[in-house]
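First to last, the sequence lines map onto chains S and H. If you number the first sequence the way my numbering does, the last residue is 169 and the count never jumps. If you number the second sequence the way my numbering does, the last residue is 319 and the count never jumps.
These aren't lab readings, by the way, just hints derived from the structure by calculation. All values derive from a computational prediction rather than experimental measurement. Accuracy of the hints is not assured; some may be wrong.
Negatives, chain H to chain S, calculated, CB over 10 Å [to be verified]:
1. PRO191
2. THR283
3. GLU296
Computed footprint of chain S on chain H; a stretch qualifies when at least three of its residues, placed anywhere within it, have a C-beta under 8 Å from a C-beta of chain S [stated by the list, open to error]:
4. 210 to 222
5. 255 to 261
6. 267 to 281
Simulated DEER-style distance windows between Cβ atoms [unchecked claim]:
7. VAL286(H) to GLY34(S): 29 to 39 Å
8. GLY26(S) to HIS281(H): 39 to 49 Å
9. LEU60(S) to GLN271(H): 27 to 37 Å
10. ARG93(S) to HIS281(H): 44 to 54 Å
11. GLU201(H) to MET59(S): 22 to 32 Å
12. ILE110(S) to ARG272(H): 22 to 32 Å
In this text, a Cβ means the ideal position worked out from N, Cα and C, and glycines have one as well.
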Amino acid sequence: MTRVKPEPMQVVKQRRDAALRALVSGVPYIRFLGIEFDRRGDEITATLPFDEKLIGNPMLPALHGGVSAAFLEVTAIVELSWATLWEDVETGRIDLSAPEPVLPRLPKTIDFTVDYLRSGLPRDAYARARVNRSGRRYASVHVEAWQDNRTRLYAQATGHFLMPERPHG
Amino acid sequence: MAQMSEDEEKLALARRFIEAIPHSRALAMHLEAIGGGHAVISMPWDERLVGDPRTGVIHGGAVSALMDTCCGAAVMSHPEAPAGTATIDLRIDYMRAATPRQRITARAEVYHITRTVAFLRATAHDEEAGLPVATATGAFTVERPKGEAK
Chain S
1 MTRVKPEPMQ VVKQRRDAAL RALVSGVPYI RFLGIEFDRR GDEITATLPF
51 DEKLIGNPML PALHGGVSAA FLEVTAIVEL SWATLWEDVE TGRIDLSAPE
101 PVLPRLPKTI DFTVDYLRSG LPRDAYARAR VNRSGRRYAS VHVEAWQDNR
151 TRLYAQATGH FLMPERPHG
Chain H
170 MAQMSEDEEK LALARRFIEA IPHSRALAMH LEAIGGGHAV ISMPWDERLV
220 GDPRTGVIHG GAVSALMDTC CGAAVMSHPE APAGTATIDL RIDYMRAATP
270 RQRITARAEV YHITRTVAFL RATAHDEEAG LPVATATGAF TVERPKGEAK
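Can you make the complete structure from the sequences, with help from the hints?
Okay, here's the thing in structure tokens:
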């Protein structure tokens with residue numbers, strides 16, 4: 001019986017972390033908001049570290065509604081691209097160690113609906129997205145954000161996206 | 170003439186209020202007009218707000234922030250003068266990519282208001298007239314001053 005020897009853990013980790021980094025680091029707006037991504041296997045969690053410039057109501061104080069919308073939209077797009085990229089990277093279709101790896105284009109938002117459940121407190125926020133449908137052309141993504149308790153969401157959103165054309169169908 | 174200066178004073182006050190919001194300031198938002206449940210707020214293109222580095226198109230999230238601020242300002246300017254407002258929900262439809270290096274201007278109006286909820290419509294244009302970059306619809310809370318009869 002022949003079994004393929006599993007790859008060393010560090011090789012796998014490095015490849016996946018590099019893929020996530022390549023996806024995120026090229027987007028100036030993600031850097032502007034200071035959003036970070038944490039990976040466990042293929043699951044990613046976005047963190048929005050608190051910063052004064054994210055405040056929308058200085059009296060309360062509370063995070064700006066637009067910041068929460070942006071955080072959710074960024075998380076949805078990254079999750080959606082990640083789900084596609086994961087396969088390309090794992091199967092070797094995209095080689096990130098190549099001198100100039102070609103990443104697929106990002107999906108485009110068609111519409112995005114944000115549900116504000118409670119005001120965002122002046123502290124870190126977290127978000128995770130779930131791709132509910134991903135076809136060749138359209139995708140539907142749900143995303144949830146929370147602060148102190150995972151089950152007490154402060155905002156959630158659903159968005160539809162136009163998938164980038166894929167050269168290898 | 171007196172009316173005119175009173176309006177200008179109101180605009181100046183609202184402008185100071187909106188431009189004092191840290192996130193509005195971070196995006197360099199500028200209040201163009203406000204009153205009667207309508208508001209117009211613009212924002213310059215900025216390299217830091219780019220969502221797709223290949224095209225230089227601004228990220229949808231930044232457009233959302235502009236739309237949300239503009240809707241909130243429109244609610245605050247309604248003659249029924251709520252003491253405060255918060256977004257309940259906001260839906261944005263992205264009609265086309267905003268042209269890089271062009272200013273984005275959002276226009277919001279309260280098209281219906283009840284004792285508790287304001288319903289809004291908004292559009293965002295870049296410097297080209299015609300088809301908006303995005304449109305939005307939203308529901309906002311109407312917060313009454315404390316002690317007011319319910």
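Hint check:
Not every CB of chain S is more than 10 Å from the CB of PRO191(H) (nearest about 4 Å), against its label as outside the interface. At roughly 18 Å from the closest C-beta of chain S, the C-beta of THR283(H) stays outside 10 Å, upholding its exclusion from the interface. Even its closest Cβ contact with chain S, about 20 Å, leaves GLU296(H) beyond 10 Å, as expected for a residue assigned away from the interface. Judged by the Cβ-Cβ criterion of 8 Å, the stretch 210 to 222 of chain H is covered by chain S as claimed, because 7 of its residues qualify and three suffice.
Coverage of the stretch 255 to 261 of chain H by chain S holds [criterion: at least 3 residues with CB-CB distance below 8 Å; count 7]. Look at the stretch 267 to 281 of chain H against chain S: 0 of its residues bring a Cβ nearer than 8 Å to a Cβ of that chain, fewer than three, so the hint is violated. Here the CB-CB span from VAL286(H) to GLY34(S) is close to 33 Å, well matched to the stated 29 to 39 Å. A hinted range of 39 to 49 Å for the beta carbons of GLY26(S) and HIS281(H) is consistent with their spacing of about 42 Å.
Checked against the given bound of 27 to 37 Å, the beta carbons of LEU60(S) and GLN271(H), roughly 33 Å apart, stay inside it. Take ARG93(S) and HIS281(H): their Cβ atoms lie about 51 Å apart, and the range 44 to 54 Å holds. Checked against the given bound of 22 to 32 Å, the beta carbons of GLU201(H) and MET59(S), roughly 24 Å apart, stay inside it. Between ILE110(S) and ARG272(H) the C-beta distance comes to about 24 Å, which sits within the given range of 22 to 32 Å.
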